[in-house]
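Student: Spelled out from the first residue to the last, the chains are:
Number of protein chains: 2
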Amino acid sequence: MKRNPKVGFIGLGIMGRPMAQNLLKAGFELIVYNRSKPPVDALVSSGATAATSPKAVAERSDVVITMVTDSEAVKELVLGQGGVLEGAHEGLTLIDMSTISPTVTRSVSDSLAAKGVSALDAPVSGGDVGARDGTLTIMVGGPQPVFDSCLPVLNAMGKKVVYMGPTGAGQLTKLANQILVACNMIGVSECLNFAKKAGLDPARVIDSLSAGAASSWSLVNLGPKIVKRDFAPGFKVKLLQKDLRYVLSTATDLNAPLPATALVHQLYKHVEEEGLGDVGTQALVTAIEQLSSKG
Amino acid sequence: MKRNPKVGFIGLGIMGRPMAQNLLKAGFELIVYNRSKPPVDALVSSGATAATSPKAVAERSDVVITMVTDSEAVKELVLGQGGVLEGAHEGLTLIDMSTISPTVTRSVSDSLAAKGVSALDAPVSGGDVGARDGTLTIMVGGPQPVFDSCLPVLNAMGKKVVYMGPTGAGQLTKLANQILVACNMIGVSECLNFAKKAGLDPARVIDSLSAGAASSWSLVNLGPKIVKRDFAPGFKVKLLQKDLRYVLSTATDLNAPLPATALVHQLYKHVEEEGLGDVGTQALVTAIEQLSSKG
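Protein sequence lines, in the order shown, are assigned to chains V and Y. Residues 0 to 294 (numbering that gives the first Met the number 0) make up the first sequence, in order. Residues 0 to 294 (numbering that gives the first Met the number 0) make up the second sequence, in order.
Be careful, since some hints might not be right.
It does not matter which identical chain is meant; a pair holds if it fits inside one copy or across any two.
[What the hints assert, rightly or not] Taking lysine-lysine pairs in the DSBU-like style, the calculated list, with each CA pair at most 30 Å apart, reads:
id	residue 1	residue 2
1	Lys-36	Lys-224
2	Lys-196	Lys-158
3	Lys-195	Lys-235
4	Lys-195	Lys-54
5	Lys-237	Lys-224
6	Lys-74	Lys-235
7	Lys-74	Lys-195
8	Lys-237	Lys-158
Source of the hints: derived by calculation from the structure; they are not laboratory data.
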């Protein structure tokens with residue numbers, strides 16, 4: 000049995016930090032980098048080693064994980080000055096767990112391959128709770144042997160780790176996930192606004208409909224938050240909007256029409272314009288409510 | 000303890016027939032009426048009594064259940080010639096379990112009240128399987144004491160029987176249910192067409208996404224049928240369209256905007272125009288596929 004790989008972790012945000020903690024808990028030697036210092040200090044006090052750049056992380060790791068906001072951030076951390084590519088060495092693997100454009104995933108992967116670095120795209124679903132509890136779903140694209148060799152690392156962070164196909168297939172699966180998230184959320188928003196206008200008790204409506212053919216994760220988990228006017232994230236509107244931009248631009252390339260998803264993206268633009276980009280995605284209901292206000 | 004009420008059942012279709020069977024199984028004395036004869040014969044051979052008109056059913060019953068297609072059918076069976084109202088007597092209760100317009104529910108209920116007949120609106124979800132297994136969700140509107148007195152009858156047909164409020168509240172809850180059904184289905188349709196165009200294995204996509212925040216009853220139960228090109232109903236397109244017409248017209252009265260539900264209704268119109276009104280609602284995917292075909 001091979002020794003555990005040394006794992007580098009770049010991006011210790013609301014998702015990355017608990018994921019890194021789970022790698023430590025699973026016994027992996029961990030080298031961390033983050034732009035701001037407090038999360039680095041927290042990980043170091045749990046046994047990780049701090050590095051001063053993505054390049055330094057790569058030099059000292061067998062596997063480097065990136066978990067950042069968007070395509071631009073991944074490109075800069077991997078291909079930019081002091082980036083992972085500058086610390087490339089034989090046998091290095093990059094696992095990008097951010098949700099980014101599949102096109103960028105493929106181009107970054109090509110740049111890495113030219114220097115002998117393997118790459119997986121492995122975006123996640125399950126949110127900060129899944130990150131903390133190690134119950135994330137991880138959707139993985141890339142060469143199957145690389146996937147197989149990284150499975151122990153991925154299993155330390157997720158409950159359901161699924162190989163989806165070649166480079167980009169992980170990102171494409173995550174985008175398919177976000178299509179459902181968007182459409183299920185507009186359903187819950189229209190349903191609960193309709194119920195309120197109809198004089199029904201929305202909490203009782205959620206209870207009645209949760210057992211049957213109308214049910215969804217969104218209805219069961221975000222419906223009650225809407226009833227309580229609890230718009231704390233969960234998953235932020237602006238991050239779903241970022242994902243939906245990738246969804247819609249990829250769908251255009253694929254000639255895959257998304258009339259409802261495009262509508263939801265437009266309605267969320269209104270939510271953002273109202274200054275609600277940092278609240279939870281359940282705030283979509285406010286766009287529906289405003290469409291029906293008399294003001 | 001009061002003796003079991005005599006129950007009349009009008010409308011022995013794909014839903015009504017197994018619901019009536021469950022009433023027999025629970026020990027209720029049952030009087031049945033249906034326009035076509037074979038389902039009447041089947042119930043009679045299980046112990047029910049046949050009546051020759053809705054009026055005759057009402058004369059011999061304490062509780063009359065109607066389970067038919069739409070508002071027009073309910074109006075005719077209750078208010079028309081030889082209808083339930085002509086057989087009205089003291090202590091009679093009508094339970095309409097059809098999905099119809101809440102406006103029609105209220106006007107039929109008013110006509111019945113004028114003759115001393117109580118009424119409940121009690122539409123169901125759970126489909127033919129739920130009807131057969133007695134696992135329907137039953138959403139009930141009407142006076143609470145009438146609901147309480149009819150609970151033994153309702154419990155014989157459903158697993159989750161919920162009192163939603165005054166007359167019409169059951170229908171309004173069912174319409175809220177159909178908003179979710181429509182929006183969840185467009186999500187599944189857009190997601191699976193996107194996945195196919197992206198070269199992903201749609202069955203694996205369904206498996207990956209079913210455990211998390213993108214999940215819905217529709218994804219888990221109808222997604223695999225789409226992958227197998229199995230468009231057998233389940234729930235027919237034309238019946239969902241009938242319900243969505245009630246949804247949209249009620250929503251207009253309530254000033255409750257439904258941009259996504261209205262879009263789905265439009266897309267289903269295309270499905271109907273393609274001659275697919277009698278297949279299952281999962282056929283919505285064909286509208287999305289045709290939008291993206293090059294033909």
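Student: Confirm or reject each hint.
Tutor: Now the hints, each set against the structure:
no.: 1; hint: Lys-36 to Lys-224; result: neither (33 Å within a copy, 50 Å between copies)
no.: 2; hint: Lys-196 to Lys-158; result: between (41 Å within a copy, 28 Å between copies)
no.: 3; hint: Lys-195 to Lys-235; result: both (25 Å within a copy, 28 Å between copies)
no.: 4; hint: Lys-195 to Lys-54; result: neither (55 Å within a copy, 38 Å between copies)
no.: 5; hint: Lys-237 to Lys-224; result: within (18 Å within a copy, 34 Å between copies)
no.: 6; hint: Lys-74 to Lys-235; result: within (22 Å within a copy, 48 Å between copies)
no.: 7; hint: Lys-74 to Lys-195; result: between (46 Å within a copy, 28 Å between copies)
no.: 8; hint: Lys-237 to Lys-158; result: within (26 Å within a copy, 41 Å between copies)
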